[in-house]
Amino acid sequence: MSKKLLKWNEDRTLFPEKNSEGKIDVDYDSHKFMKIWHGPQHPGITGNMSLELTLLGDEVMDCETHVGYLHRGFEKLMERRKYIQCFPIVCRVAVPEPDFNEYCFASAMEELAGIEVPEAAEWLRTLVLEMSRLQSFLAWIGGQAGSLGQGIIGQWTIYLRDLILDRFEELTGGRIYHMYMLPGGVRGLLPDGFRERMTQNLDDIDKFMKDVKKVMFDNYVFKKRTVGMGVIDPAWINPFGITGPNARAAGVAKDVRKDNPYLKYPELDFEPVVGKDSDIYTRADVRRRDLLMTVDLIRQIMAKIPDKGDIRAKTPNVLHWKVPAGETYSRAECTRGEYGYYMVSDGTEYPRRINVRGPSYTHAVALLEKMIVNANIADVAGLMVSLHTYPPEIER
Amino acid sequence: MGKEYIEKRTVISPEGNPIEVDPLKDYFCDAAPKSCKSASGIIEKFANWARSESLWVLGFGTGCGAIEMRPLMTPRFDAYRFGIQWRPTPRQASVFVISGYLSVKTLKRVVRSYEQMQNPKFVVALGSCTINGGMYWDSYNTINRLDHYMPVDVYIAGCMPRPEALLAGFDKLKHIIREGRGEGANKYAENFDWYKGNQKKIIKDWDMPDYNW
Amino acid sequence: MQTIIENLQKHFQVVSYHQQRENLGFLIASKEVAVGLITHLRDYEGFAHLVLLTAVDWIEDEHFQLTYLLHHPEKKVDLGVRVMISRENAEMYSIHHLWEQARTYQRELREMFGINFPGSPDVDKPFILEGWEEIPPYRRDFDTKEYSEKTYFPRPGRETHDPAEYMKKKLYPNE
Amino acid sequence: MTKLNDILSPFTAWKHVVREPVTIKDPLNREAADRYRGFHKNDISECIGCGTCESICQNAAIDLVPVDGVETKDGDSGLRPRVDYGRCCWCGLCVDVCTTNSLSLSNEYTWVDEDPDNFRFVPGAENKSWDNREKGYKKPGNGYELYSPVRESMEELEPEQRDQSFIEIVQGYSKEQAEKEADRCVECGICVATCPAHMGIPEYIKAIRNDDLNEGLRVLYDTNPLPEICGRICTHKCETVCSVGHHGDPLSIRWLKRYIADQNPAEEYKKILNTETLQPTGKKVAIIGSGPSGLSAAHYLALMGYQCTIYEKLPAAGGMMRFGIPEYRLPYDQLDKDINYILSLGVEIKYNMTIGKDITLEELNKQYDAVFSGTGLHMGRSTRVPGTDHPEVYQAVDLLRDIVLGNEVPVKEKIVVIGGGNVAMDITRSLARLQKQKFGKVDMLTTSLESEDIMPADREEVIEAREENAVIDPGWGPVEIETEGDKVKGLHVVKCLSVFDENRRFAPKFDEEQKKFFPADMVVESIGQGMDLSYLSEEFKEQLKMDPRGRILVNDDFQTSVDWLFAGGDMIQGPDVIHGIANGHKAAMGIDKYLSDK
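Residue numbers (the working numbering), protein chains in the order written: chain A, 4 to 399; chain B, 3 to 215; chain C, 9 to 183; chain D, 2 to 599.
For reference, chain A alone in the conformation it holds in the complex (with noise of 0.2 Å):
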C-alpha cells in the first residue's frame, strides 16, 4: 500500500504558489479562497467545536481549530468548592466518558491524603472504567462510520450502548453522569443479577461486533475512503503528544493500563492493540479490537470481582477534609488516551488548583490543524472523528 498522508490533487499547477514557510498566502479577497466554518452548528462535527476551513476548491488550504464553546471554567470552579464537592462536578468534564474523571480525581486525592481504597472498591472501579470505555468506543463507533455515511453502524452500536448504559444505571444510580467512585472508594456492591445481564449485553455485543466487521470494515467504500488516509506519522507521537488508540495505530503501543498499572490492572491478561498502518482505517481497526479486548476484560473482571466487602475506606469527615499539601499527577487510560489530573493542596479543605489533562486537548488542536490541511473537505468529518476528540475536555 503506497503511504501517501493525505489523498490530493496531484497536479499542483492549479494551486498557488508556496510562501518561504511552505505555506501558501490566503488572500480572500483574490476570490479564489473559501473560508467555512466547520461548526459548531454543523452534522459532521463531534460535539461543540468548530473549524475554522480555508478553502480552495475543495481542498483545505488552512485550519484553525475553535474550541471553548463548552468552557464552564472546572479549574476555576473546584479551587472554590470542597473535595468531596468537586466530586459531583469532576465527571461533567468529559461528557461521554465521564468515569475517568471520577477515578483520576480520587486517586489524585487519595494519594495526597494516604488513603487505601479497600478491594472490592479497586475491583468495582476497574469495572466501571472497563464499562466506560466500553460504552465510548461504541458511541464513537458509530460516529465514525456516520461521518462517512455508514448510518446503519450508529444504530446498531448507540443500542449496544444503551445497554451498557442500563448496567451503568443499575450499578450506579446514574446513566450518563454515575458519580460513582467518589474519594475514598465507590457507592455500592454488585446489584443482584448484575452479572447475569452483564453477560447477557457482553454476547450481543460480540455477536453485534461481527456484522460490523463485515459491514463497515470489510467494505469496499470504506475501505476506499479510509485506508491511506489521514496518516499520523509515528515521529509525529511525542512532539505532538499523541497517545491512546491514536498512538497505538500508528505502531507505538503506548497504554497507561501496562505503563503505569493501576488498580486492578496487573492482575488482568490483556496485551495493548497494536497498529501498523497509523490511517484512518487502521485506527478505526485498533479501536474496534480494543473494543473487543475491552469485552474480554469486563469478562475477567466479573470472574474476579467479590460480591461482598467494604466499599469505602475511612475518611475524615467530608464535610472539613483537609488534604495534606502536596501535589501529585494521577493519570489512567481512556478511549482517547492518556487522561490525567493534576492536583495540587496547600493543606486546606479546598484544593488549590487541579488541572484537567485530557487527551483530545493535544489530538484536536495541534494535531487536527496539521493533518486537515490538503485534504478533502469532504473528508473533514471522518477525519475529526478518527482522533477521536471530546470538546468538553479540551476547554473544561
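It cannot be assumed that every hint is accurate.
[As the list claims (entries may be wrong)] In silico negatives: residues of chain C with every beta carbon more than 10 Å from chain A:
1) ARG29
2) THR62
3) ASN97
4) GLU173
[As the list claims (entries may be wrong)] Here are the simulated DSSO-like cross-link-like pairs (lysine-lysine), alpha carbons at most 27 Å apart as the crow flies:
5) C:LYS176 to D:LYS488
6) D:LYS140 to A:LYS216
7) D:LYS4 to A:LYS227
8) A:LYS21 to C:LYS133
9) C:LYS158 to A:LYS261
10) A:LYS317 to D:LYS26
11) A:LYS35 to B:LYS10
12) B:LYS27 to A:LYS38
13) D:LYS285 to D:LYS351
14) C:LYS153 to B:LYS206
15) B:LYS202 to C:LYS158
16) C:LYS178 to D:LYS238
17) A:LYS267 to C:LYS84
18) D:LYS136 to A:LYS210
19) A:LYS261 to A:LYS307
20) D:LYS510 to C:LYS176
21) D:LYS176 to C:LYS177
22) C:LYS177 to D:LYS594
23) C:LYS153 to B:LYS203
24) A:LYS373 to C:LYS133
25) D:LYS140 to A:LYS311
26) D:LYS490 to A:LYS311
27) D:LYS285 to C:LYS177
28) A:LYS85 to D:LYS285
29) C:LYS177 to B:LYS189
30) D:LYS207 to D:LYS181
31) B:LYS198 to C:LYS158
32) C:LYS153 to A:LYS279
33) A:LYS216 to D:LYS488
34) A:LYS85 to C:LYS158
35) D:LYS488 to D:LYS510
36) A:LYS261 to C:LYS84
37) D:LYS176 to D:LYS140
38) D:LYS490 to D:LYS516
39) D:LYS176 to A:LYS85
These aren't lab readings, by the way, just hints derived from the structure by calculation.
Just so you know, these numbers come straight off a predicted model, no measurement behind them.
The beta-carbon is built from N, C-alpha and C at its ideal position, and this holds for glycine as well.
Mind docking chains B, C and D on chain A? Use the hints.
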C-alpha cells in the same frame, strides 16, 4: 484582535471592478423581526396540529444533554415515530433543544441559530443549567437563566434528563402547540429590545447585526 | 529516577527534588535554566513526552508556579519541573519549538492566567474565552461567584436559614 | 487490491431486517433502575432540619425553610430542606450525608414544566407523585460513611484500679483523639439552642480541628467561665440532640470542651482571653454563694468592670461542684483552675460568711450597688416514709459534703441508696469506695422509683457504678424503712409501674402485689434537694414574690421583685451546673443593665 472583517472595505470583483462591501449590511438582514398574526379558527387549529406532529429539531448540541440525543435518534427510543426528527440546518428546524448549560461563546451562536429558524419556532430547555444555572451557577462563563435571552416553551428537569424525560418534554410541547400557546417566536419579536439588551449585556464581543436571519 | 536526578545535578542547579511516588518526582528550576533543563531532559534523558504544562497561582507569595510535567516513554517515569515566576508582568520563555502542542498550552496560560510567552505562535489570540474584559479568570484574585451573580443574575426567590440562628430567633430571641 | 468479499460482506446488514425490534414500546412509563438517583423524598417527621444537606451541596441547590406544621423545638430546627431543581445535579451527596437518614431519592425522573419558577419544592411537605415510591437511591451500606458514626473512645481507668480511690476516672482525649472526634462534627448548630448557656459548640469544635486551642478557649469563655468543670461533669444536654447521634454515637461535646480547657495552661489564660487589664466602673456587687451561678455572675461582672465580692458559707469555693460532686469525677485541682482564674480577675471571696448570721442582706445592700444570690439547693429532701427519721438514715448531700470536708462519714457493710439521679450515683460510688477501703468489698444497692430506661442519671454513671460492683435495681417505690432500735434492718419497696401521668406530672402508680425487701445497715436518701432560705429575714421574705411552687420569682434578667437583688442557679432553674452558669451570665448582664440605668 481587530475586527476588520466586519468593517467596510473595497474588493476587486473577478471582472476587475472595485466593489464596496459592508459586511454587516450586505451579508445579513438587519430588519427586526415582526410578530405574526395567527390564522383564525379551524385553519390555525389544523396548522397547530400539523406543527405539533412534525417537530423538527435543530441538531446543535450545545452542552452535555446532547449526548442523550443519539439514543433518541436510534432504535431504542426512536423519537421518529413521534414525528420528531433532527435537521442539520436551522432553516429546516422548528424546535431548538438547548441541551444544558450555555457558555457565553455558545450563546452567541445559539442566538444566531435561533434567529435563523423559521417561525413558528419552539425552544426546549434541558436540565438544571437552563433553569437557574445548575451546577455551574457560580461559573464566570455560563449563563444562569435561559429565559433572559430567548423565550422558552418547555423546561425538563434533570442533570441530564433521560431520553424518556425528553420524550415527555416533547409530548408536553405538542400539547402546548396544539393549544395554540407555542408563541415563542412572537414573544421574541414583541420583546425584541429586552432580549437583545440582555444578550448584549453579556456577549461582549458583539460583531454581528442585531438581527440576522 | 535517582540516577536521572544525579545526572541532572552535574549539569544544572536543581533545587529541592521531591519524590512524590516511585514513578513521579518534582523539582524546582529557576526561570533562566528551565528551558535549557527541559531541552536536556528531552534530548539526553529521554523525557520525550510533554504530559502537561500548567500554572498554579500562589498569590500569597506573589508568584506563579509553572509545572512542566514530562514523561519518559521507556522508563515510564514522570518528572515535574516547577518554575516560579513573578506574578507581576508574568513572562516565561516559550517551549513551542520543543513540542508542537506547547503552543496550545501557552495560549491557554496566556488567556487564563495572563502569563506571556513571547515568541509562541498565536499566543495573544483568544483561545477559550471570547470578549473577556476582566482579569484572567484563573488568577486567584478573580472571584467567579461574585462575577457570575453580577452578570448572570440568578433566579430570585431563594432564601435560606441557618439552623442555629433560626433556633435562636424562635426559641430564645432575647438571650 | 479490491476483494470481492469487500463488496459482498456489507450486505450482511440485511439480515437485521428480520431481527426483533429493540424499540421500547412505552418509553414514557419506563421505570428507572432500583438505585436510580431521581427526585428527592424526605421523611419530614424524621428530619431535624440540621442543614447538613445544604452545607454539602456544591450547587447551592438546597435552602432550609420553615414548614407549616413543623415546630422549632430542642433538637429540631423546624426548618426543612427545599430543593431547587434549577441547581440540583442529583449527585445524592445530600442523601449520603443526611444525619437522620430521612432524605432519599426516588427513581422517578420526569418533570416537565413551562414555568421555570416551579422547579422548587420541599420534599415531603409538598405532595409529589413519587412520595410513595419504594425504589430509588438510599444511603449505601457496606462501610460507606461520609463521616464517622463511631465515637472516639475515651481512656478510662479500669474498675479494679478505680474502685478504691478517688482518682479521676476519665483520662481525657489526646490531641489526636480530640481532633478525630472534632472531625465528626457536621457543624449543624442544633446543639446550641439546647445548651442552657447557648455555648458556641460548633465554633469551639472547629477550633480543635484547626488546632487553634486559644481560639477555642475564647469561644468557651464567651458563654461559660467554668470550662474545666463543665468539661467533666456537665449534664451535656447538647449530646442528646446531636444530629450525628441519630445514626451513630453523638459527638463527645463534653470531652472536647474539657480537652480545650485541659490543653490551655492556667498561667496563660489572661493573655489568651485578653483580660490582663480591665476597665473598672467603680461599682460594687455582692454575690452570695460561690457555686456555678455565683462564679459565673462574678466572672462576667468582673469583665464588665464591677468590683465583686463573693460571700461563701463554707471554707472553700465551688458550692455543689466541690461539696456535691465526688473527686473522682471532678478533681479539686481542675476546679481550682477555673475558680482561681475568676478570682484573678479581681473578684474577692470571703469564706465562712453566713448571710443572716455574719452579715445581713440589708447590710449588703447598703455596702454594694447590687446583690446576686445563688445559694442553690443544699437541703436533702426526704421520702418521708416511716423510718426516715432514724439516725442511720442519711441524706446524700450531707454525706457528700462531709466527705469533702474530711469529716468522719459513717460507712456500714450493707448500704441502700434511694434515688435515681446523678447525686444518687455519686453517693453510691463514693460510699462504695469507702466500703472497699474499710471492708475490702462493696455491698451497695441503689433503687429508684424510675425504671432503668427513664432513670435521670447519666447512662455512663449507671454503667460505671455497676462496674464498681454496686447493684442498681431501679423501678421500686419505698414503703417503709424497717428499724430495730438504733439499727436499720432494711427497706421495703413495691413495684413502681409508672412515675408520670399523661400530662407529665409526677404521679407514681404502684403494684402493691409485687414487693421486695432490701436488707441494709444504713439507708441513704437521694431523691432531690430543697432550697434553704433561712438566711432571709421574715420581713424580707414578704417583699419577695414567690411562684406557686415556692421558688423566688425572677424576670428575664434574673432580677427579683426587690430591684437590687438578683437570683440564679439551682434555686431558680436546673438543677445542674450549666443552668447555673447560664443564669449567672444573664444575671450579670441584668445587673449591668440595672446599674447602667440607675
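Query raised in the report: Which numbered hints does this structure break?
Result: Numbers 1, 2, 5, 6, 9, 10, 18, 20, 21, 26, 27, 28, 29, 32, 33, 35, 37 - these are the hints that the structure violates, sorted from lowest upward.
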